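Put chain D on the given structure of chain E with help from the hints.
These protein sequence lines are chains E and D, in that order.
Just so you know, this note's numbering puts 50 at position 50 of the first sequence, and the rest follows in order with no gaps.
Just so you know, this note's numbering puts 199 at position 199 of the second sequence, and the rest follows in order with no gaps.
Worth flagging that the hints you see were computed from the coordinates, not collected in a lab.
Heads up, some of the hints might be wrong.
If several chains are the same, the list does not tell them apart, and a pair holds so long as it fits within one copy or across any two.
Stated by the list, open to error - EDC-like, lysine to aspartate or glutamate: derived pairs with alpha carbons at most 20 Å apart:
#: 1; residue 1: K254; residue 2: D218
#: 2; residue 1: K200; residue 2: D23
#: 3; residue 1: K200; residue 2: D333
#: 4; residue 1: K117; residue 2: E47
#: 5; residue 1: K263; residue 2: D70
#: 6; residue 1: K253; residue 2: D71
#: 7; residue 1: K51; residue 2: D61
#: 8; residue 1: K263; residue 2: E184
#: 9; residue 1: K253; residue 2: D281
Quick caveat, the model's predicted, so the values are computed rather than measured.
2 protein chains.
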Amino acid sequence: MKIIVDAMGGDNAPGAVVRGALDACKNHGIPVLLVGRTEEILRCVEEGGEKTLPKGMEIRDAREVVEICDDPATAFKMKKDSSLTVGLNLLKEGAGDAFVSAGSTGALLAGATLVVKRIRGIRRAAMGPVIPVFGGRAILCDCGANAECTPEYLLQFAYLGSFYAKRVLKVEKPRVALLNIGAEESKGDTLRKETHALLKAAGEAGRIHYIGSIEGNDAMMGGADVIVADGFSGNVFLKTVEGAARFMMKELKKAFYTNARTKLGALLVKKELGEMKKLMDPSEVGGTVFLGISKPVIKAHGSSDARAITNAILRAAEYAGSGLIEDVERSIDAMKVERPREKA
Amino acid sequence: MKIIVDAMGGDNAPGAVVRGALDACKNHGIPVLLVGRTEEILRCVEEGGEKTLPKGMEIRDAREVVEICDDPATAFKMKKDSSLTVGLNLLKEGAGDAFVSAGSTGALLAGATLVVKRIRGIRRAAMGPVIPVFGGRAILCDCGANAECTPEYLLQFAYLGSFYAKRVLKVEKPRVALLNIGAEESKGDTLRKETHALLKAAGEAGRIHYIGSIEGNDAMMGGADVIVADGFSGNVFLKTVEGAARFMMKELKKAFYTNARTKLGALLVKKELGEMKKLMDPSEVGGTVFLGISKPVIKAHGSSDARAITNAILRAAEYAGSGLIEDVERSIDAMKVERPREKA
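The shape of chain E in the complex, shown without the other chains (with noise of 0.2 Å):
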């Protein structure tokens, strides 16, 4: 097992990125290889306390960091030195198992796709966040990377974290919803009526276990392991959480500011309220896989940290040991629909 780092992508790279390397391999004994600029990364080894490379981390040099302002739909190919193309180069041939990257989105989607490839059969791919709900949490496929959908995308979605949902969060039997408006059969667009069917025929097939659709709110109080959605509608859920609960935080920090009483129940509770905030952390999450690439690419939080990074790298490496590629390959026939309806 090794994973690939992008030490040069994120608004704290290269610093974060070697430091929550550095923890990955050290602390939790992962073995990474990290491209980038190999002076830059050296001088942050160094910085975190290391004279030389520890054992276990190596180096790929790479002149070129795809910034945010590159089109993210040619950087990976307009920058053929970058850290992020490289990186992804080395994954498609072998040199590790998975690679995580905290740089921009849509050249990491746009260069997995076209690098690394789908697996065969796989129209889309998605990214799949793991999102807290109310009593653990949830796989939400897709987030964002396809606006416009089709069925059978949606199809492909479901059985895509189903798997994750299974191999990697360790749900025996994992409950798959549509993400939808009301929860009646007859409820929603056409997108999700013809969707709806197809997932009814594989819960019936026994190849998910499809519990029909399900609201926002449902969602955000645990009703599904899996929550299916088109990208559009996905980001729209996900980004909402963040900000609901960004607005209760701060409602909260209103409420105990009022006066001296309130400020004692502030500091009261000051540890549960920590603990609370770091649920809704995204770099607690770590980073969110694209599913659907033959090989593990996971995109960490552009404003990751070190702590970030590494858990971005634990996932990386949960997810290159679990089997859910293999899965998909075995299951890719019944992830079709005989006529494909694309959008024009």
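Only chain D this time, still in chain E's reference frame:
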């Protein structure tokens, strides 16, 4: 000014509805015309502590009740003597200035559209709930009446929301934003891109104050006064806010119940937390307006208690006196798209 109220609609009807109407009538001076089974209404009036109908309160008998199990599309037609159908007809005939119902959303929307009718030139009526956002409130339009939309519908929703924010929420220059995935112009699906062009043109013509796209997180942080969405993603947004808030309150409760120390902390902020909980409480908001209908129709939450009904009646009175519908009628030419693209 007189508000027509569906006495039989909602989970707690007629008791809660009649109590709410009594409060609006007696304590806020708003004349109310209750529609429903006279004997039941009178009994509730009596239980509300009144021997006879108070001044300003009238009853119009209607024998039938639209139930949740009735088909929404046809209920108002099949049950011609229902409180919903009779109430909508009274509104159409001018027996009152607005109609409030806590009954079936679908039946109310279908009835409002077919009995009271849309404002001439408006393609679809939209549901416009007012939601709490950090530092204030915003109107979301649409939140579920139209799962499938054209750019023209969204353009009209933007105008409707903007007029509402100006006239009812008293925002001088409402910031109108399109709910999207990413704030950049190039983001989103075809519907968003085409709508963006229309909204931009309306903004440049000085008709609305269009500030571009907005994501769910920024919307919750108060980034816009009017959030324009198709009914599908608008509903996902609304339900997710509800779910995330509930999730946070439950986690908060868990944090507070950890031990004796945290329980004391909870006691010290009890009052302020109550205020915070109120923020997210639908009964405080009171109802959702149906924008684009030629007269004010307000949907109160199905589980409305008396206070929620009172608030919905107050909102209906505000709306009826606002001049909003006249605004729309005056601007309707600018709200049309030359060659509307209707979806199949």
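How the hints compare with the structure:
1. K254 / D218: Classified as between; 19 Å across copies, 28 Å inside a copy.
2. K200 / D23: Classified as neither; 44 Å inside a copy, 49 Å across copies.
3. K200 / D333: Close inside one copy (17 Å), not across copies (45 Å); limit 20 Å.
4. K117 / E47: Result: close neither inside a copy nor across copies, 37 Å intra and 71 Å inter.
5. K263 / D70: neither (47 Å within a copy, 52 Å between copies)
6. K253 / D71: neither (39 Å within a copy, 46 Å between copies)
7. K51 / D61: For K51 and D61, the Cα distance is within 20 Å only inside one copy (19 Å; across copies 88 Å).
8. K263 / E184: Neither way: K263 and E184 sit 46 Å apart in one copy and 40 Å across, limit 20 Å.
9. K253 / D281: Both: 17 Å inside a copy, 19 Å across copies.
Against the hints set out earlier in the document, violations occur for numbers 2, 4, 5, 6 and 8.
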